[in-house]
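Could you put together the complete structure from these sequences and hints?
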Amino acid sequence: MSRSPRIPDYDLQKVVTPNRLLGLWRMMTGFRLKYLGATLSLGVSALSKTLTYMLLRYFVDHYLVAQTGSVPLIFIALGFLGLATIEGSMTFTSGRLAAQTAEGITRRLRNYLFDHIQQLSFSYHDQAQTGDLIERCTSDVDAMRRFFSDQAIGIGRIILLFAINFIALININPTLAVVSIVVLPLIVAASFFFFKRVSKAYAAYQEQEATLSTTLQENLTGVRVVKAFARQKYEMDKFERDNWEKFLRGKKLNTMHSLFWPVSDVLCGFQMLLGYFTGAVMAINGIISVGDYLAYTGLITYIIFPMRNLGRIIVQLSTGMVSFGRVREIIKERREPLDEGDYLPEKAVRGELQFQNVGFEYESGSSVLSEINFEVLPGQAIALLGATGSGKTTLVNLLPRFYEYTHGKIELDGVPLQRYPRRYLRQQIGIVEQEPFLFSRSIRENISYGVGRDVDMVEIEAAARAAAIHDVILSFPQGYDTIVGEKGVTLSGGQKQRVAIARTLLKNPRILILDDSTSSVDTETEAEIRAAMETLMKNRTTFIIAHRIQSIMNADLILVMDQGRIIQNGQHETLVSQPGMYRDIYDIQTRIEAELEKEIASVS
Amino acid sequence: MSANYIEEEEFQTRFSGKIFVRILGLIKPHWPQVVGFLLAILVVSGLDAWFTYLSKQIVDNGIVPRNVDSLLKTLELYGSLIVIQAIATFFFIFFVSILGERVRYDLRRMMFNHLQKLSLSYYSRTPVGWIIARVTSDTERVSDMITWGLLDSAWAVMNITTSLVFMFAINWRLTLIVLVILPILLYVAIQFRKRILVQYRKVRKQNSKIVGAYNENITGVRVIKALGREQGNLEEFGVVTGEMYKASYRAAWLSALFLPSVQIITAFAVGSIVYYGGLQANIGGVTIGGIQAFISYVTFMMWPIQDLARVFAEMQHAIASAERIFSLTDAVPDVADRPGSVDPGTIQGDIEFDHVTFAYDDEGKQVLRDFSLLVKRGETIALVGPTGGGKSTIVNLLCRFYEPQAGVIRIGDRDYTEISMHAIQSRIGVVLQTPHLFSGTIRENIRYGRLEATDAEVEEAARIVGAHDFIQRFEHHYDEPVGEGGNLLSTGQKQLISLARAVLAQPEIFIMDEATSSVDTLTEALIQRGMETLMKGRTSFVIAHRLSTIKRADRILVIEDGRIAEMGTHSELLRKGGKYYQLYTKQFRHEMNEAFDPLRQPGKKEQPA
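Just so you know, the sequences run in chain order A and B. Quick note on numbering that gives the first Met the number 0: the first sequence kicks off at 0 and runs consecutively. Quick note on numbering that gives the first Met the number 0: the second sequence kicks off at 0 and runs consecutively.
Incorrect hints may have been included.
Pairs of lysine to aspartate or glutamate, EDC-like flavour, derived with a Cα cap of 20 Å [what the hints assert, rightly or not]: (1) B:Lys585 with B:Glu513; (2) A:Lys237 with B:Glu443; (3) B:Lys575 with A:Glu598; (4) B:Lys585 with B:Glu559; (5) A:Lys251 with B:Asp105.
Computed beta-carbon distance windows for the label pairs [unchecked claim]: (6) B:Arg172 with A:Pro71: 18 to 24 Å; (7) B:Leu71 with A:Val177: 20 to 26 Å; (8) A:Thr213 with B:Asp478: 15 to 21 Å; (9) A:Thr67 with B:Leu38: 46 to 52 Å; (10) B:Arg562 with A:Gln477: 28 to 34 Å.
Hints are computed from structural coordinates only; laboratory data are not their basis. Beta carbons: idealized from backbone N, C-alpha and C, even for Gly.
As structure tokens, then:
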């Protein structure tokens, strides 16, 4: 198979200009010559077509009407063939170049958007909607592809056809040429208004299609509910309503079509007839030759009928522009600079951290964290305890610079965190989430994902063993090649977490962030996960986001958080001995055991 | 995305006459429209050929002999034929496109209605995406085939035939040239079309990969950032877009080559006509208009040929689509009413599982083995035990979503297969763990339980399950939309609404499968009394892990490996110190932690799904 050609380098950030046309023009950077070539070939092809009719004129006038032809007939015949060959090869060249332009631009745009999205900040993704983003990256990009492949070229084609053939008509007879286009403005206007309305009717039809799909989808996924309430009849009626509505909207759309085409046929037909009449009368009066007339009847077709499409293309052009606007909104967002920072140590970090009066607030001004002060020595374990929304997750998200703190100072190994490039920091930090995200690829690839080097099977298995997931993986028919997710096996929350632990072990970071919440996991796996986590924590500075006390009693430092502040800190022994939230939580455990004993005693 | 993916997977079919007849059967009820559009297209097509002939006459009878009268007559005829053709054009577009919509409508309806009859076993082995692809893209393809496909072929055949007739009338020798070129043209066109179609399928496949990649890139962006995988991902994605480029470039390339190739072949014909025509004109065999007409006929013949080739190439795919559609509508429901099944008017009474054995698929593991259980009318049974032990299967069998492979289930002393499915299912109220709501308002969703219920009854049901308060907090109260699949509500809220829905149905048997697992402890305590009133006098099955619900039951069954491991009341089982005891103590600690944990803010635990 051939390799696809290299993509011309261009920073698409530059297409963000207030002028959309300029933006689209910039988007064509690197492909403009091809586009020019496509347009020129189209011109040559149109010209050969026109010349074919001129040759026909010569043939008729000099071989059929009068035998005055000076070249052998076979050359005339070959001439037709030659012109057709030129026309054909130029049409082909144009199509090829147009495809290279459009597909090339689209490919570059797709890659750019993909990269752009993964480099946008956490703050952007916090408020972005997945469905909307995907829609823009697919449907809108496709609308732009059509803009470059069909519409931009299509307009050029219609204009060229018109210009070349109109010049040929003037050459035959100027009066005749003018007569041939009197109805034309009407045809263009009619098609423009028609397609404008049709695109609306089509949108309505598509919308109903979406409604119908939703009804179908909900019925299929809710089949148990439908059956449980014996609501089949009701469901059929509901589907029937949506289905019928779609039929009606389709009918409306099609009725518009069935009206437009005959009407425009009549308009075009009478324009032709007007030309035939004028031409024929001129030929009878000897103003033009018979050959002129015949060439004319051929040429006029290429002026009139393309005009019917002009309206359609103009309407589609505007949808292409709207799509460009939507894509541009993504491009205009600023990327997170991964390599910005002037301090890049050769070695791994030691993992010593200092938080001095650190605060974080959103752009809107609402404060999430304030007055955070603590110190961590390399290899220590720090536990964060607090209710949902108390700021635990935000605090640890400052470390890989997912968010930038807005007040105070964080120092890592004595150097301000902002001086480290993000890429370096993220290599040094490993994160295991409560319900980790796995990619729909094989378990092997998921474990080696993000290591940034080739990893052999021995290493992967070792990591899986240490994470207590090896045996589980082997129990799947495809072992390590088992695909995770929709198209493969569904892993339980605990299994996913252990795959993520293996992934992190392989990455071997100096600083670790663990989201330790095992509330939904049964006892057996809870012990396994805990053991795996302890393996992972060895010799690493670790932050544990905890929801319960049992898992953090051994931590070197416990930070109890509430509303973005640290309200208590210290080790377990200290915290238990002083009144406060920590002791309240701790006391509950003892109380529960007492309650349980009482409960069991009551039945016996 | 998945819809496309599945569609691409199986595509191997041979032409079969039977299928073809069945496809044609789809338009049989609409035969007047079919006749209508076929007639209209024949008029259009015939007139197209006639127009060329008239152009010849303008030259031969008007211009060359300088006869203005004849010219005007011809033009007059031409003008009126344009109007007639326009009318015919209106009719054919109108008939064929609306018939197309109609066939799509019919097919979707046929499939949907059949889907309602199919059993759960069908759904468990058929992915939803597959079914959706059948109802959406396959209906499109089949209906296009039997409407536009039929129309285009009729037009093409008619156009070629009439053109040939006119050509023969003008000059038979020149016509022979055309007859030689015709099959070559058709062959080349079909080859092109087939290859183009293959490329477009590739494009679609790559496209669904691209959508998938974007989806994962966006949903997994935090992990990608944390692992610094940006560069690697971009490289992988570059491969996919590279493949996309290749496939779509090849499709465009082939399409760009297609027309010129056909045009060059026709140019051969034109060249030959000019050559022989020129020779013949010298000896007075053919007129000027005749030559012109010939050139027009030949040049325009590539359009009907094009259409024929397209229809031919797409036919295979349409037949494959039709086969898949028929495979869906031919599927026989595994669970269906037996002949002579009755509606006894009520299904109150004792329920008995008599040596029931069941497996979800024939070779699969038996989920229930020789399972027997007698439940007295009005009793509340709690089912506890590990996941996969068979609790939900008992419920599935009782609802008759499935039927036992061996043994009998009796409701009120009658084998329940003798009772109609509607009689059973309309009297059982089931609340499932994963609550499923339909797009629409909260009111509509609750009313799903009993369609004729009044607004007051709907609200009463919501009050019983403790949903009224949070519903009142919404801007539109009961008219608040729940979103697609209920995704604007939290899982706990969805569970309460589906509970209200079952309550409103006033069922005779009540089944709750982890129905309130995501409801917070506080609300759970609130609805306690409501649920108790509801279950009083109704035979109820409750699968639950929450102790309050379990303790309330008349009998507790610990189900493990498809058998009853322990059975008894709460205190009996606790005293026994067995499996129930272990489950209980573990759950007790868990619930207490949850209830007293100051870190957990009640009501805030739930995040909207």
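Hints, one by one, checked against the model:
1. B:Lys585 with B:Glu513: OK: B:Lys585 and B:Glu513 at ~17 Å, within 20 Å.
2. A:Lys237 with B:Glu443: Within the cut-off at roughly 12 Å; holds.
3. B:Lys575 with A:Glu598: holds, 14 Å
4. B:Lys585 with B:Glu559: Within the cut-off at roughly 17 Å; holds.
5. A:Lys251 with B:Asp105: With Cα atoms ~18 Å apart, A:Lys251 and B:Asp105 stay inside 20 Å; holds.
6. B:Arg172 with A:Pro71: 18 to 24 Å: holds, 21 Å
7. B:Leu71 with A:Val177: 20 to 26 Å: Holds, since B:Leu71 and A:Val177 (Cβ atoms, about 22 Å apart) stay within the stated range.
8. A:Thr213 with B:Asp478: 15 to 21 Å: For B:Asp478 against A:Thr213, whose Cβ atoms are near 19 Å apart, the range 15 to 21 Å holds.
9. A:Thr67 with B:Leu38: 46 to 52 Å: holds, 49 Å
10. B:Arg562 with A:Gln477: 28 to 34 Å: 32 Å Cβ-Cβ, so the 28 to 34 Å window holds.
In this structure, none of the earlier numbered hints is contradicted; all agree with it.
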